[in-house]
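Student: The chain contents come next:
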Amino acid sequence: MSVRKQILAITVVFALAAAAYARGKDTDTATDTPARPAANSSQADQPGLQQNTESSYQGHPVRDIQFPNFNDAAEKDRLLKLIAQKIGQGLDRELVRASINQLFGTGRFADISAEVAASGDGVSLSFVTTPNFFIGQVTAEGSQGQPSQNQIANAAKLQLGELFTTDKLNRGLQNIEQLMQTNGYYQSSVNAEETKHADTQQIDVAFHVKTGAQAKIGILTITGDSKWSQGQIEDIAGLHPRDSLSSSRITSALEKIRKKYQKQNHWLIQVAVTQKTYDLKANRVDLTLDIQAGPLVQIAVEGYRIRRSVLKRIIPVYEENALDDDLLNEGRRNLLNYLQTRGYFDATVNLQRSGRRAEVLNITYEIDPKSRHKLASIEVAGNHYFTYDTIRTILQIQTAGRVLSNGKFSETLLAADVSSIEALYKNNGFESVKVSSQVNDNFRGIENLLQVSFQVEEGPQTLVNERKFVGNAAIGEDKFPALNTLPGQPYSEANIAADRQILLNFYFNRGFPDARFEASAQPVANEANRMNVLFTIHEGEQQSVDHVLVNGLNYTKPFVVQRQLQIDHGDPLSPIAMLQTQQSLYNLGLFSQVDTAVQNPTGTESQKNVLVQMQEAQRYTFYYGFGFEFQTGQPQGGAQGGTGVSPRVSFEVSRLNFRGRDQTLTFKTAIGSLEQLALASADLPRWFDNPNWKFTLTGLYDNTIEVSTFKSQRLEGSLQSVETLNPASTLVYSFTFRRVHSSNIELDPAEVPLLSFPVLIGMPQISYVRDTRDDKLGATRGTYTSFLGGVAASYFGSDTDFGQVEVQNSNYYAWGKNRTRDRKFVFARTTTIGLENPFGNTINLQPGQTLPADSPLQLIPLPERLLMGGGNSHRGFGLNQAGPRDPQTGFPLGGSALVLNSLELRLPPISLPYLQDNVSFALFHDAGNVFASADDMLNSLKRWHQPNAAICSDPVNGANCNYNFMSQAIGLGVRYKTPIGPVRFDFAYNLNPPKFPSCQPTTDATVPSSYCPFNPDSKTIFEPQQVRHFNVFFSIGQTF
Amino acid sequence: MVKRYAFALFAALLLCTLDLHAGQVIDRIIASVNSHIILQSDWDDAVRCEAVMNGIPMNEITPLKRKAVLDRMIDQELLREQIPSLEHPSVNDSDVLHRLTNIRKFYDTTGNDQLWTKTLAQYQVTEQEIKNKIVLQMELMDLVNSHLRPEIQIDQKSIESYYNQALLPQLQQSGSQQVPLAKAAPQIKEILTQEKMNQLLVAWLQNLRAGSKIVTNPSGDLAQ
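Protein chains in written order, with our numbering: chain U, 1 to 1040; chain P, 1041 to 1264.
In short, the hints are calculated from the structure, not lab data. Glycine is no exception: its CB is placed at the ideal position from the N, C-alpha and C atoms. Worth double-checking, as some hints may not be accurate.
As the list claims (entries may be wrong) - Straight-line Cα separation of at most 25 Å, PhoX-like style, residue types lysine-lysine; simulated pairs: (1) U:K196 x P:K1253; (2) U:K168 x P:K1253; (3) U:K276 x U:K216; (4) U:K157 x P:K1253.
Unchecked claim - Chain P stretches covered by chain U per the calculated footprint, using a threshold of three residues with CB under 8 Å from any CB of chain U: (5) 1066–1072; (6) 1075–1082.
To be verified - Counterexamples of contact, computed for chain P against chain U with all Cβ distances above 10 Å: (7) D1153; (8) K1158; (9) K1197.
Given the sequences, and given the hints that come with them, work out the whole structure.
Tutor: Next comes the structure, spelled out in structure tokens:
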């Protein structure tokens, strides 16, 4: 086409386009075009002189530049610096145009005009602006149920910080109306209330929703090729006429229908609501459900026998409840992998589809397993830079071992491994590396025994000679993070790509969103295999924080939020700091939603306001529950305790945001026949505005059976402050004042008056904890050490005087270097030593000893004694069953010293049908006991059997029964992984359970009343016992 | 008395307000197309340039014609945004000069520079502004051609239909000699292509407008 024709064409084209727009503009709702002045066409189309923007002041010196809508001097200065027209210059049309463009580019103004007036010998220039507004808090009210107020606010899709327009608001209103209708609220109405904040150019939008009555389901019509009757479909879907209509109900109904069909092997089922007809008068919606059952899908495997359960596990169609090409191919790959792990390295799997009839689709995996191999050896030769072990870690092929009895091999895996080795070398500067492989299928002369040999030709290594930066004007090289490309280090494209990512992230997080990076490298002259690397950085303009605008606080004190902000005026605009601010605010636990955003993100200004928008959480939280509890070691089982079961009612109320701070009040109760508990506490984190200090005030009433021997009643108040020394170490200072009272004492009646007397304990304690475990719920490495010391003395209001020390140390080791963290073997050990030492007027008694009634001496109260035994302690004993016992009743007494050492080998999880990789096993050994005194403990550490156990069965000398030995238990644990820690079953066998004497009541009239020598006053018989060998425990969380 | 003071106070305040905005408006935003703005001065320049390029005397420029220029500027901006940022359309200088020469022929066929300069002065435009306008038009035409032309397929049946139903009656009416179909086919194909391109461009621009944020006359007092 000739040029002239082209010019004519564009004229015609634009004329037509403009005409078309003129026709369509009145109905174009997508543009944000304000109403134009209605012009009388007969007047408007008169010829006339156009307005001339050439000013008569052109060239006159500008004496002053005004921004009439701004009062803040700093703002004015910033705008003056921004614009092209400067004070003192002659007024220039082009500079004024540029200035308007620059002001508009900031995104802060919807309209700008430049005005000029005479001022002395020059002119005064004013930029009159109309501000834009940016989206701030978006709230919704009026809906009580579904959709929630948050859902309504989110449906508006008004993004925090973005430019507010009436178009966006109208779209938001439409979205909300649609959401309400989806939930059955066809009679709802919604309006928006806008609140503008001129000082921050923010606009808050509140949506007021009137839901009206929820529509009911009217006539339900089923179309398509349903296999069931309409009534059956309604029952399957749980969807009936006159049910309330809601989005969740429809979604659930469709899902139920889909699952029903899939269970019948209709994997291609398609079901959808194809029509909704609303009847305004009846306020009901007639629904049409279209069901296309699709063909019956039959999945089969030919050529190799695989159990159905295995097939269901490895063909994802079953698990995903869907059928498509991707899932079928994934199933093919899984089958191939399955066969290869069984030694069929050359196996092939083909996918065939056939349909004898239109309503049946047969999916057949045709397997040709070929011969079975075993990969016995992998050799690597020619490697000097990397060791054999290093190379082995990146290989996918595996030699035969315990887990893979035939190893793992295929030509595809082999090719991938060759590539991996090459990539490893190339990433370390060996650009010309060559790797080849050879497979020997007759290794050691045995057919189908494989040996794979990799031959590596490393070639020369290219090193970085010099690294230079260009363009980093704002940030010096010394501030950069550690990079991979360094003089003397290998030169590789992979390292440079990694450095690019590191540097761009670094710049991005320092407010350089437009930073770019280029790298070039030149060989060094006269020096082989050395490269000079040049990193060129185009920083772009740095963006910084202007103001941080915090919104959404109703009850919370502003300073509580301020001290969590990681960004401040003048800081670089860092996305990471904004994210950290968000996390930090969430960590307060005061807010249900925290959003951070940049105001006016598309504006060109280098200083940006950062918005922090919060929604406060409900201040009162109520929890209530009803259930059953069971507890071993209850007195109804006799001296060795039984299992008590009780219904349990619990109630808890928490008050967040106490005094507008991140402080919490909690009141908790639990009532059952085994325990009655009431607890009130106040948590004050950041004590004295120090993030490393936390203060807790607690009041407690606890009435519980901790040991079968007695029932403990505790009324306790405590003050506790926790100081975090570093991420791993904490110090806990506490003072506890409690009144302990024992009742239902199953001991020598002579002791009862003394032991059942209420005792006051006042005890300051200090504890130090160092915890370097990698995971508190399931540690695989690290240590846990704690030291607890406390003194109860009359100085602190205590009736008895004793000191208490407990030290615990645990270690965790994992091994299995080719295994992921979750699949490693873990060896765990913990040792606990506890001591109590009476002083002043308090003494220790040996089992069977009693105090005269008029003795001024005190005993350490039963609930304060050291106890051992149970699922989280020594698993060779029932709950608190270890240690000395009362010779009359046989009930455990506790002691003044304890030692416990536990060893546990935690095995990696095993794959089981339905349970996947969630089940694992552990082998354990527990050794230890409770002793009457520290001396007894020290003398017993090497004693592995109960001394003179026979005497415990002697009715004459049974009172001298000795418990000073290390009782041992071995056992097997089963763990089931859950998000809150493993559910744990431990089966323990006590190798040397202690024997002990006891007098048991009898109703045998022939038994003389004084038959039991230790209790001649009651009708009991002497009945020696032995702690049972087997114990079973159930609990949540690892033992230690 | 109170009423009188109140009126005086109101009048004084009104005067103060007037004083604040007593300056002469020398430029302002007339329209914004997404993130770009069209200034009053851009519009004035475009009106004058188009008047020169189309040989329209300034006193024949009506407000509606000015409005049409603004609409075209918006369309041009929408199309300009479609030019990929890394792609710099290359417009041949000789094509620009050829087009400029054709424009000059509206005013003088002799190539008299003085007359041309006088014309430009009358319209208050410079030759460079005219050239810039031509370059923009050519760039956009390239864009439209590259975007739309590949989509257009003209089949033989349409060409024959145009030949029989439009061209032949036209030739008969004008008494001209009949042109064989084979000879007329390339021109007919181009005519039909142009027609189709116009239709597609109209649709394209409507789509672009629908997906864009266009604000005209933000202050609500558009001067015609």
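Student: Now tell me if each hint is right for this structure.
Tutor: These are the hints, each one checked on the structure:
1. U:K196 x P:K1253: 22 Å, holds
2. U:K168 x P:K1253: 11 Å, holds
3. U:K276 x U:K216: 12 Å, holds
4. U:K157 x P:K1253: 17 Å, holds
5. 1066–1072: holds (count 5)
6. 1075–1082: holds (count 6)
7. D1153: Given that every Cβ of chain U is farther than 10 Å from that of P:D1153, nearest at about 22 Å, it holds.
8. K1158: Consistent with the label, P:K1158 stays out of reach of chain U, its closest Cβ about 19 Å off (over 10 Å).
9. K1197: 23 Å, holds
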